[in-house]
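Novice: Which chain is which? The protein sequence lines are A and B, in order. This note's numbering puts the first residue of the first sequence at 8, with every later residue one more than the last. This note's numbering puts the first residue of the second sequence at 2, with every later residue one more than the last.
Derived by calculation from the structure, the hints in this document are not laboratory data.
The calculated DSBU-like cross-link candidates involving lysine-lysine, where the alpha carbons are at most 30 Å apart (straight line), are:
1) LYS203(A) with LYS269(B)
2) LYS243(A) with LYS441(B)
3) LYS202(B) with LYS483(B)
4) LYS132(B) with LYS17(B)
5) LYS456(B) with LYS37(A)
6) LYS210(A) with LYS130(A)
7) LYS202(B) with LYS243(A)
8) LYS441(B) with LYS269(B)
9) LYS359(B) with LYS311(B)
10) LYS312(B) with LYS243(A)
11) LYS234(B) with LYS105(B)
12) LYS202(B) with LYS37(A)
13) LYS106(A) with LYS130(A)
14) LYS130(A) with LYS173(A)
15) LYS269(B) with LYS241(A)
16) LYS37(A) with LYS16(A)
17) LYS170(B) with LYS492(B)
18) LYS202(B) with LYS219(B)
19) LYS135(B) with LYS359(B)
20) LYS218(B) with LYS483(B)
21) LYS230(B) with LYS105(B)
22) LYS312(B) with LYS241(A)
23) LYS492(B) with LYS105(B)
24) LYS135(B) with LYS86(B)
25) LYS269(B) with LYS311(B)
26) LYS243(A) with LYS269(B)
27) LYS311(B) with LYS243(A)
28) LYS37(A) with LYS234(B)
29) LYS17(B) with LYS133(B)
30) LYS219(B) with LYS234(B)
31) LYS105(B) with LYS202(B)
32) LYS230(B) with LYS170(B)
33) LYS219(B) with LYS359(B)
34) LYS170(B) with LYS37(A)
35) LYS241(A) with LYS203(A)
36) LYS441(B) with LYS241(A)
37) LYS407(B) with LYS241(A)
Okay, the calculated beta carbon distance ranges per label pair:
38) ILE200(A) with THR167(B): 57 to 67 Å
39) PRO63(A) with ALA410(B): 53 to 63 Å
40) TRP442(B) with ALA48(A): 27 to 37 Å
From the three backbone atoms N, C-alpha and C, an ideal C-beta is built for every residue, glycine too.
Chain residues, written in single-letter form:
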Amino acid sequence: MLYRIVAHKQLSDNVFQIDVDAPLVARARKAGQFVIVSSDAASGERIPLTVAGADPEAGTIRLIFQRVGKTTAAMADIPVGGALGYVAGPLGRPTHIEKFGTVVCVGGGIGNAPLLAIATAMKEAGNRVITILGARTQELVILEDEFAGLSDDIIVVTDDGSHGRKALVTEPLKEICSRDPRPNLAVVIGPTIMMKFCCEVTKQFEVPTQVSLNTIMVDGTGMCGGCRVEVGGKTKFVCVDGPEFDGHQVNFDQMMRRMTAYKELEKREMEQYQKHRCKIGLK
Amino acid sequence: MIVDSQERYLQELLDKQARGELKAKDRYAIPPQDMPVQDGVERRSNMSEVALGYTALQARLEAMRCLGCANAPCVEGCPVRIRIKDFVAEIAAGRFDHALAIIKENSLLPAVCGRVCPQEVQCQERCTVGKKFKDPNMSVSIGRLERFVADLASAGGQTPQVAPSTGKKVAVIGSGPGGIVVAADTRRAGHEVTMFEAFHKPGGVKVYGIPEFRLPKKIVQEEIDVLEKMGVKIVCNYIVGRTRTIEQLMQEDGFDAVYVGVGAGLPKFMNIEGEYLVGVYSANEYLTRTNLMKAYAFGQGADTPIAAGKKVAVLGGGNVAMDAARMAVRLGAEKVYLVYRRSEVEMPARIEEVHHAKEEGVIFCTLQNPQRILGSEDGHVVGMECLRYELGEPDESGRRRPVAIKGSAFVLDVDTVIVAIGNGPNPLIEQTTPGLEFNKWGNIVVDEGCRTSMKGVYAGGDIVLGAATIILAMGQGRIAAKAINADLAAKKLS
Ligand SMILES: Cc1cc2nc3c(=O)[nH]c(=O)nc-3n(C[C@H](O)[C@H](O)[C@H](O)COP(=O)(O)OP(=O)(O)OC[C@H]3O[C@@H](n4cnc5c(N)ncnc54)[C@H](O)[C@@H]3O)c2cc1C
Ligand code: SF4
Ligand code: FES
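Let the sequences and hints guide you as you build the complete structure.
Specialist: Structural data, given as structure tokens:
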């Protein structure tokens with residue numbers, strides 16, 4: 008099986024979107040699920056990526072990723088016609104989709120990618136969808152058009168005010184939660200710190216909140232425990248019990264500390280890879 | 002010189018045997034043959050196999066120690082009933098290929114079993130010679146002999162014959178030892194066999210868990226190569242339950258029988274304070290990162306990082322704990338502590354691994370147990386608080402229960418903690434296969450033919466037994482394959 012890249016698009020400075028041949032995953036995947044991929048089958052690191060969309064007929068899946076470590080950097084360099092080392096999945100439990108009423112979807116940074124699949128499914132199930140997208144600056148707001156197309160209402164905020172409102176996502180979220188009637192559900196996907204603060208807001212207003220966690224993963228099948236988080240005082244494995252959890256139960260502080268685990272090492276490796284790219288003439 | 006005299010010694014024994022004069026007393030007098038090993042200091046910094054295997058001369062001398070007991074208690078101790086007495090006699094006679102043929106009647110993977118079976122609680126525990134000396138270490142080294150003949154042959158192993166096609170399709174889920182046996186046995190019967198593996202490399206625990214220095218990956222690869230040569234189709238990166246469900250495999254993809262051999266994949270944690278700190282790993286994670294993704298070569302071509310701890314504590318006393326501790330030694334840790342709640346005699350690990358771990362400098366902290374793991378401001382492990390224990394009354398398992406000694410708390414200075422206290426069954430199949438019966442611990446329920454509650458679905462290995470052993474997984478694979486072949490032949494499955 009060759010996991011060939013059939014389309015490649017740069018969404019922002021460091022965010023890339025690729026469509027990859029993976030017919031079985033394309034057929035099986037549901038909103039909220041992810042895959043484990045590697046840039047190179049022999050020695051590659053295994054990284055989890057949410058399936059942002061799929062075309063079962065063409066047998067392709069869409070992945071959106073940020074260039075942060077060596078693997079994502081190498082993936083960004085693979086041209087159309089090239090192939091990934093492997094794609095395994097879909098993994099994780101699918102999102103529970105039903106008609107809740109009004110669903111507010113909050114996306115931050117790269118979190119917009121997994122959110123899009125869920126927002127689409129929520130809309131299809133007959134929900135009123137309000138979307139809030141946040142980023143540091145205009146350049147980093149991805150998939151805005153796609154969300155605008157499906158949402159009943161969309162609010163964009165940036166930290167520096169370069170696009171949309173100058174605010175953090177929690178501000179419009181608070182406003183929406185204080186409306187009468189309150190939204191029936193919030194779905195929040197983004198940086199851990201953002202999910203944490205959004206959950207504090209929705210908890211105040213007693214709006215049930217789903218978050219999708221993006222922890223370290225190795226196997227993605229429950230074998231290593233590297234993806235463990237504490238939810239409601241219990242140890243849960245994100246890859247088999249999640250990736251979605253009740254945001255009001257997640258121990259975000261603990262999770263954030265764990266996320267720093269391999270950061271330093273990863274940075275070092277990334278620098279080496281950049282040097283290597285320079286040497287071989289890529290910029 | 003020494004070899005010459007040993008050769009003469011063997012010849013004398015053989016001559017005496019030929020004359021019918023070799024007595025039990027003579028056999029008892031033969032010194033047990035030690036297996037050559039890599040130097041204890043040198044091997045601390047390489048991944049190569051530690052035990053080097055017998056020479057032909059050593060093997061024959063060791064085999065001469067066997068009394069050929071009429072009742073052969075060793076066979077009773079073997080989970081797959083290898084005709085031990087007979088294969089050992091063939092080795093003594095120098096007919097190594099005959100010996101291997103006898104082993105292969107019952108075991109498909111002698112090169113693996115010879116290395117990793119817990120012989121001292123199986124065949125060698127029962128051996129009359131060991132009983133005579135009241136020391137299981139004095140038993141005939143059946144495992145080493147098995148390994149010896151397997152290694153001789155593996156260089157030029159032949160591919161088993163495959164019967165003409167039956168047109169039936171068998172799916173094997175998981176490429177562990179159980180799955181390998183089922184694939185081989187059902188393929189031999191002429192069925193079309195596909196093996197599905199979630200990981201990007203086939204082999205199961207033998208590739209991602211057990212380290213190179215104990216079981217070279219080359220051996221596992223050879224087993225997989227043989228399967229492929231027999232025409233078994235191996236599909237990696239395929240997670241049954243998610244990529245396709247068992248129901249889809251049977252109803253849409255045309256499989257007539259499915260064997261579930263997905264292992265015991267869910268690591269247990271201690272549920273103590275500090276287990277989320279950076280530097281705490283399950284042994285599975287630690288070993289997978291190092292074995293499968295070669296994290297020890299991070300920065301030299303391999304991409305998966307592992308923070309190489311300087312002072313490492315490993316919790317547990319089984320094979321997994323030994324493997325993790327010895328791996329930490331090889332990754333350059335200055336101090337490696339093995340922390341175990343009971344005493345050394347209760348350790349479930351193979352004696353040989355305990356012995357090797359000690360030789361390599363692992364510090365055994367028995368009758369100790371962690372209370373909590375201490376962290377720094379930024380969430381890294383900086384120590385582990387432990388309590389000392391003493392042995393009290395026996396518990397349900399018959400082992401003396403460890404009881405904490407009041408006021409004995411102390412802090413072990415470590416930066417890495419590896420938890421190796423066991424695995425529970427993987428929930429993925431249970432989550433995705435309604436109609437398949439599981440017990441309350443999450444293990445699949447099977448009958449004596451390894452048939453599950455679903456027609457056409459069979460199961461074996463750790464997912465049925467709980468974390469067990471390679472030989473037991475193989476044994477169940479054999480049983481399941483037999484049932485599959487019989488049921489398919491009897492057209493019980495459509
Ligand atoms: C570190 C370590 C050391 C050990 N040492 C010893 C020893 O010295 N002696 C001994 O006898 N035993 C030892 N064991 C135990 C032994 O390895 C197991 O009992 C044995 O491997 C179980 O075999 P199995 O057939 O159940 O499959 P496993 O070897 O457990 O393999 C199962 C396979 O199934 C795959 N899988 C899981 N879920 C799915 C899915 N949904 N779809 C597709 N594939 C899937 C997994 O990726 C895996 O490759 C050790 C175990 C470990 C972890
Ligand atoms: S019990 Fe020991 S001595 Fe007796 S047949 Fe078996 S291996 Fe030989
Ligand atoms: S990624 Fe290994 S258990 Fe979840």
